[in-house]
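*Asks:* Whole structure, please, built from the sequences with the hints as guidance.
Residues in the sequence shown are numbered from 1 upward in steps of one, following UniProt numbering.
Hints are computed from structural coordinates only; laboratory data are not their basis.
Mixed in with the good hints there might be a few duds.
Unchecked claim - Taking CB as the label site, the calculated pair distances span:
#, residue 1, residue 2, range
1, Lys91, Ser40, 27 to 35 Å
2, Lys91, Ser62, 15 to 23 Å
3, Arg30, Cys88, 14 to 22 Å
4, Cys27, Lys91, 33 to 41 Å
5, Arg26, Ala86, 29 to 37 Å
6, Lys42, Asn85, 16 to 24 Å
7, Ser40, Ile83, 34 to 42 Å
8, Pro50, Lys91, 26 to 34 Å
9, Leu33, Lys91, 15 to 23 Å
10, Phe46, Lys91, 31 to 39 Å
11, Lys61, Ala82, 19 to 27 Å
Nothing here was measured: the structure is a model prediction, and the numbers come from that model.
Glycine included, every Cβ here is placed at the ideal spot set by N, Cα and C.
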Amino acid sequence: KLCKLLLKIKSQTTKEFVIPISLVERCWCRSTLNTVPQRSIKELKFLHTPNCPFQVIAKLKSNREVCINPETKWLQQYLKNAINNAQCENKQ
Numbered sequence: 001k002l003c004k005l006l007l008k009i010k011s012q013t014t015k016e017f018v019i020p021i022s023l024v025e026r027c028w029c030r031s032t033l034n035t036v037p038q039r040s041i042k043e044l045k046f047l048h049t050p051n052c053p054f055q056v057i058a059k060l061k062s063n064r065e066v067c068i069n070p071e072t073k074w075l076q077q078y079l080k081n082a083i084n085n086a087q088c089e090n091k092q
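*Replies:* As structure tokens, this is what we get:
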């Protein structure tokens, strides 16, 4: 069950300051994985930058970081649950 999977969500946004163009145009995720064992994930990071598609980076228990395809079914369901939980907490 996804609720049992403990993940930290960090939403990172770009700060508004001048960065060389070569750094701005680089995307963190050049390729993504469709399958990552959920039990091995320690933390998820969501990156949204102007020049790159939505990126999901998983930090594994081995401290290795991998990019996950944002269209993966379990990740889509996880995001829906996280949004619903956040909305419920805001109503209280």
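*Asks:* Which hints from the list above does the structure break, by number from lowest to highest?
*Replies:* The structure conflicts with hints 2, 3, 7, 9 and 10, although it agrees with all the remaining ones.
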